[in-house]
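Each protein sequence line maps, in turn, to chains Y and P.
Okay, so the first sequence: first residue is 69 according to our numbering, each after it adds one.
Okay, so the second sequence: first residue is 8 according to our numbering, each after it adds one.
Heads up, a few of these hints could be off.
Unchecked claim - Calculated lysine-lysine pairs in the BS3-like style (CA-CA distance at most 30 Å, straight line): (1) Y/Lys196 - P/Lys29; (2) Y/Lys165 - P/Lys29; (3) P/Lys332 - Y/Lys194; (4) P/Lys29 - Y/Lys122; (5) P/Lys88 - P/Lys131; (6) P/Lys29 - P/Lys88; (7) P/Lys332 - P/Lys29; (8) Y/Lys122 - Y/Lys165; (9) Y/Lys165 - Y/Lys196; (10) P/Lys131 - P/Lys29; (11) Y/Lys196 - Y/Lys122; (12) P/Lys88 - P/Lys370; (13) Y/Lys194 - Y/Lys165; (14) Y/Lys194 - Y/Lys122; (15) P/Lys332 - Y/Lys165.
Claimed, not checked - Part of the chain P face toward chain Y, derived, beta carbon under 10 Å: (16) Ile31; (17) Glu32; (18) Gly35; (19) Gly236; (20) Asp280; (21) Ile304; (22) Thr329; (23) Leu330.
Derived from the structure by calculation, the hints contain no laboratory data.
Since the structure is predicted, the reported quantities are computational estimates derived from the model, not experimental observations.
Cβ atoms here follow ideal geometry from the backbone N, Cα and C, with glycine treated the same way.
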Amino acid sequence: MNIPEALRYSEEHEWVAVDGTTATIGITDFAQDELGDIVFVELPAVGATLQRSKPLGVVESVKAVSDVYAPIGGTVTEVNGALADHPEVINEDPYGKGWMVRVRLADPSEVDGLMTAQQYGEFIAKEKA
Amino acid sequence: MTGDAAPRRTPLWDAHRRLGAKLIEFGGWEMPVSYRGILDEHRAVRTAAGLFDVSHMGEIEVTGPQAAATCQTLTTNDVRKLVDGQVQYTLLCRPDGGVVDDVTLYRHAPDRFFFCVNASNTAKDLAWICEHAGGATITDRSAATALLALQGPRAAAILARLTSAPVVSVQSFRFVDDRVAGRPTLISRTGYTGEDGFELYVAAEDAERLWDALLEVGEGDDLEPVGLGARDTLRLEAALPLYGHELDDATTPLAAGLTRFVALDGDDFLGRDTLRRERERGSAWRLVGLELRGPGIARQGYPVLADGAAIGQVTSGTQSPTLGKAIALAYVDPAHATPDAALAVEIRGRAVPAVVVPTPFYKRSQRR
């Protein structure tokens with residue numbers, strides 16, 4: 069299971085890459101593996117306001133619909149439009165080409181509430197058990 | 008349905024674990040949902056071959072001089088049309104026309120039949136069949152029987168390597184008793200994928216040997232183990248109903264478009280009178296195929312709209328791996344069950360355009 073050191077993680081299996089006051093959000097390798105083949109993604113529009121722990125969008129695998137939750141609050145500045153035609157890149161490259169949205173952080177201190185890579189590794193080990 | 012009891016395991020549970028399957032609970036059973044991935048497995052069945060463990064399904068035997076009469080009382084299709092070695096798709100109906108289960112009925116001999124029934128309905132079906140047994144003897148063979156499905160254009164070639172049975176000449180919906188990999192096997196040319204293929208009934212203790220042998224001789228033909236995830240997308244493309252989605256105790260076979268499996272003018276059966284009245288008056292609902300023309304995937308329970316008003320409900324939906332489109336089956340008001348009718352499916356509060364299309368969504372090219 070790939071859990072990059074530089075990222076922060078939510079209990080709903082989203083990752084956050086923080087760069088100053090902006091952040092990139094996606095779903096983790098664990099999440100994409102649990103979901104299986106992703107065939108549809110619904111994302112917010114640029115300018116949308118995200119509230120922490122509220123749904124920001126939807127990913128659908130062949131079998132099921134899953135909400136994606138905002139791991140942190142902010143305003144959407146960019147959306148990965150490539151996912152509309154190629155949602156499978158989330159399976160192939162969840163931390164790279166499979167990114168979902170970029171946001172301007174409402175409150176950068178919210179990042180401190182997210183798990184580190186090590187904490188997330190322990191969290192999913194516990195969830196699996 | 009599932010209660011607090013631990014999910015049951017088929018004789019192939021260890022084999023699934025060794026193959027790294029993702030296991031889920033389904034109908035009270037712990038079953039593989041996928042191995043390599045649903046899309047890969049789906050493609051394997053459409054282009055090469057796939058091997059499924061469907062041992063969770065139930066086998067209920069009906070024997071004795073009254074067997075045929077009992078089977079006819081219980082089922083909507085015409086049992087007199089069955090000859091030895093033939094299989095029939097049919098339905099168990101309640102007197103009110105609701106579907107107890109959709110099943111296949113096998114005739115070994117004039118006094119020996121068996122039903123293959125849905126896993127989640129096995130207990131209910133057994134009670135129903137015993138209640139209407141007449142003078143026939145009812146025996147539940149489910150626990151002692153394993154069922155493997157070998158499906159896909161290369162299924163016959165793969166199976167032929169493990170048996171001296173003339174598999175190619177076994178016609179669709181026919182079966183033979185023979186040996187596969189040295190073990191007694193009922194070889195049935197049936198399936199639930201829309202492809203050519205076989206269902207193989209063996210003793211539970213022989214299941215793993217047969218499973219391993221098939222995977223081994225099929226390797227060069229890209230045979231893959233396939234889980235319930237792809238089984239669902241395959242059957243949906245072929246517009247084959249799934250109990251709990253298109254069928255249940257409150258739906259009728261006529262509304263589901265299964266009229267050709269209901270012999271309303273033949274011998275009497277449970278539900279016949281109600282269904283005859285439904286034929287005269289028309290069904291309250293019609294099952295139709297939908298193709299979405301906007302972004303999204305229709306799922307079970309989503310409302311179907313016409314001009315903004317709810318006129319039906321989705322029973323199954325997926326992104327079709329073969330067609331690359333979102334497809335669905337839905338019950339709609341018969342007034343809207345016309346080809347090319349412009350409807351919509353409400354997906355998370357949005358009306359996504361959808362069109363009524365003919366089913367099956369996918370039909371294999373006939374080569375045999």
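**Asked** Taking only the CA atoms, is the gap from P/Lys29 to Y/Lys122 under or equal to 30 Å?
**Response** 29 Å, holds
**Prompt:** Are the Cα positions of P/Lys332 and P/Lys29 separated by 30 Å at most?
**Reply:** 26 Å, holds
**Request:** Under 10 Å, Cβ to Cβ, is where P/Thr329 needs to be relative to chain Y, so tell me if that hint holds or is violated.
**Result:** At about 12 Å, which exceeds the 10 Å cut-off, the nearest Cβ of chain Y leaves the hint on P/Thr329 violated.
**Item:** Restraint outcome when P/Gly35 is required to lie within 10 Å of chain Y by C-beta distance
**Value:** 19 Å, violated
**Message:** Would the hint linking P/Lys332 and Y/Lys194 be met if the CA-CA limit is 30 Å?
**Reply:** 38 Å, violated
**Asked** Taking 10 Å as the limit, does the beta-carbon of P/Ile304 come near enough to a beta-carbon in chain Y?
**Response** With Cβ-Cβ at 5 Å, under 10 Å, it holds.
**Message:** Just to be careful: measuring from the Cβ of P/Leu330 to every Cβ in chain Y, is the smallest value less than 10 Å?
**Reply:** With Cβ-Cβ at 12 Å, over 10 Å, it is violated.
**Given pair status - Y/Lys122, Y/Lys194, alpha carbons within 30 Å** = Satisfied, since the Cα-Cα distance of roughly 24 Å is no more than 30 Å.
**Given hint Y/Lys165 paired with P/Lys332 - CA-CA distance at most 30 Å** = 23 Å, holds
**Message:** Checking hints one by one. Is P/Asp280 an interface residue toward chain Y, by the C-beta closer than 10 Å rule?
**Reply:** 40 Å, violated
**Asked** Is the Cα-Cα distance between Y/Lys196 and Y/Lys122 30 Å or less?
**Response** 24 Å, holds
**Request:** Report holds or violated for the interface hint on P/Gly236, using the least CB-CB distance to chain Y and a cut-off of 10 Å.
**Result:** 5 Å, holds
Going through the hint list in order, the structure does not satisfy hints 3, 6, 17, 18, 20, 22 and 23.
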